[in-house]
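Undergrad: Chains A and B, in that order, give the protein sequences.
Residue 108 is where the first sequence ends in the working numbering, and the numbering goes up by one at each step.
Residue 1116 is where the second sequence ends in the working numbering, and the numbering goes up by one at each step.
Just so you know, not all the hints are guaranteed correct.
Reference listing, derived: stretches of chain A covered by chain B, where coverage requires no fewer than 3 residues with Cβ under 8 Å from a Cβ of chain B [what the hints assert, rightly or not]: (1) 16-24; (2) 37-50; (3) 65-78.
Taking lysine-lysine pairs in the BS3-like style, the calculated list, with each CA pair at most 25 Å apart, reads [said to hold, decoys possible]: (4) Lys3(A) / Lys68(A); (5) Lys41(A) / Lys1071(B); (6) Lys1044(B) / Lys3(A); (7) Lys1015(B) / Lys1071(B); (8) Lys1011(B) / Lys1062(B); (9) Lys17(A) / Lys1044(B); (10) Lys41(A) / Lys1044(B); (11) Lys56(A) / Lys68(A); (12) Lys1083(B) / Lys100(A); (13) Lys1062(B) / Lys1044(B); (14) Lys1044(B) / Lys1015(B); (15) Lys41(A) / Lys68(A); (16) Lys56(A) / Lys100(A); (17) Lys1071(B) / Lys100(A); (18) Lys3(A) / Lys1062(B); (19) Lys56(A) / Lys3(A); (20) Lys1083(B) / Lys1071(B); (21) Lys1044(B) / Lys1078(B); (22) Lys1078(B) / Lys1015(B); (23) Lys68(A) / Lys17(A); (24) Lys1062(B) / Lys1083(B).
Worth flagging that the hints you see were computed from the coordinates, not collected in a lab.
Note that the Cβ used here is the ideal one computed from N, Cα and C, for glycine as well.
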Amino acid sequence: ELKVEQNPLFLSMQEGKNYTIYCNYSTTSDRLYWYRQDPGKSLESLFVLLSNGAVKQEGRLMASLDTKARLSTLHITAAVHDLSATYFCAVEGYALNFGKGTSLLVTP
Amino acid sequence: EAGVAQSPRYKIIEKRQSVAFWCNPISGHATLYWYQQILGQGPKLLIQFQNNGVVDDSQLPKDRFSAERLKGVDSTLKIQPAKLEDSAVYLCASSLDAGTSLETQYFGPGTRLLVL
């Protein structure tokens, strides 16, 4: 069974600071997704990482994938309040397996 | 392009009652998914359809949950009878799913179910 672990599960950070969210998974996969979920809303696709070494950036968010280490990171640069949300990584196995999510709160 | 539509958005029922949810995927998307998201957790796949056929329903509690996708477009998910632990958000997603690899899934707004 493919297991996906995210850490931290909760993150409070000040505006302007940098931080990284980690996503580890248990079996080989070449496709990993990052989603954002705002309170009471559905999931919004952020990134699709398709191969080892893949790096994608959108605004203050940058995601990377190391398939050999079975690790993906979501790096936040100079956080702003609008980034407050829950971030999920999801790994493609037979189906899409989600982590528990990282609840991010960016404070002034 | 219209997104994935779901209704109702909220539902409150008592245990042992029945409930049904409806989903309309993005036009042209062959694959449709139903997920259950319990508070504080990531979504868990319940069932996956390819057109109107079931691809995976291994996580669907078949003694109480059923789903269908008639004509390969809209889908309904039913719970009968509901239990307290069924309280969750039920998310519908769809993807183009051309070929053998999963395509990006696009999620609907979800139906929040509370079982009292």
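Undergrad: It remains to establish, for every hint, whether it holds in the given structure.
TA: Status of each hint after checking the structure:
Counting residues of the segment 16-24 of chain A whose C-beta sits closer than 8 Å to any C-beta of chain B gives 0, which falls short of three, so the coverage hint is violated. With 6 residues bearing a CB less than 8 Å from a CB of chain B, the segment 37-50 of chain A meets the requirement of three and the coverage assertion stands. With 0 residues having a Cβ less than 8 Å from any Cβ of chain B, the segment 65-78 of chain A misses the three-residue criterion, and the hint is violated. Among the hinted pairs, Lys3(A) with Lys68(A) is consistent with the structure: their alpha-carbon atoms are about 16 Å apart, no more than 25 Å.
Straight-line distance between C-alpha atoms of Lys41(A) and Lys1071(B) comes to about 28 Å, which puts the hinted pair past the 25 Å bound. In summary, the hint linking Lys1044(B) to Lys3(A) is supported, as the alpha carbons are separated by about 12 Å, within the 25 Å threshold. A C-alpha spacing of about 31 Å is found between Lys1015(B) and Lys1071(B), which places the hinted pair above 25 Å, so the restraint is violated. Annotation: proposed proximity of Lys1011(B) to Lys1062(B) holds, straight-line Cα distance about 21 Å (limit 25 Å).
Only pairs whose Cα atoms come within 25 Å are accepted, and Lys17(A) paired with Lys1044(B) is rejected, the gap being roughly 32 Å. A threshold of 25 Å between alpha carbons decides the hint, and for Lys41(A) with Lys1044(B) the separation of about 16 Å falls inside it, so the pair holds. For the hint linking Lys56(A) to Lys68(A), the alpha-carbon distance of about 18 Å falls within 25 Å, and the restraint holds. In summary, the hint linking Lys1083(B) to Lys100(A) is supported, as the alpha carbons are separated by about 23 Å, within the 25 Å threshold.
Annotation: proposed proximity of Lys1062(B) to Lys1044(B) holds, straight-line Cα distance about 15 Å (limit 25 Å). Taking the CA atoms of Lys1044(B) and Lys1015(B), the gap is about 22 Å. The hint holds against a cut of 25 Å. Distance restraint check for Lys41(A) and Lys68(A): the Cα-Cα separation of roughly 34 Å exceeds the 25 Å cut-off, and the hinted pair is therefore not satisfied. Between Lys56(A) and Lys100(A), the direct Cα distance comes to roughly 22 Å. Compliance with the 25 Å bound is thereby established for this hinted pair.
The hinted pair formed by Lys1071(B) and Lys100(A) fails the criterion: a straight-line CA distance of about 34 Å is larger than 25 Å. At roughly 24 Å between alpha-carbon atoms, Lys3(A) and Lys1062(B) fall within 25 Å of each other, so this suggested pair holds. The hinted pair formed by Lys56(A) and Lys3(A) meets the criterion: a straight-line CA distance of about 23 Å does not exceed 25 Å. At most 25 Å may separate the alpha-carbon atoms for a hinted pair to count; Lys1083(B) and Lys1071(B) exceed this at roughly 30 Å.
Pair hint Lys1044(B) plus Lys1078(B) holds up; C-alpha atoms about 16 Å apart against a cutoff of 25 Å. For the proposed pair Lys1078(B) and Lys1015(B), the alpha carbon gap of about 14 Å is at most 25 Å, so the pair holds. Between Lys68(A) and Lys17(A), the direct Cα distance comes to roughly 29 Å. Violation of the 25 Å bound is thereby established for this hinted pair. Note on Lys1062(B) and Lys1083(B): the hinted pairing holds, with a Cα-Cα distance of about 13 Å set against a maximum of 25 Å.
Hints 1, 3, 5, 7, 9, 15, 17, 20 and 23 from the earlier list are contradicted by this structure; the remaining hints agree with it.
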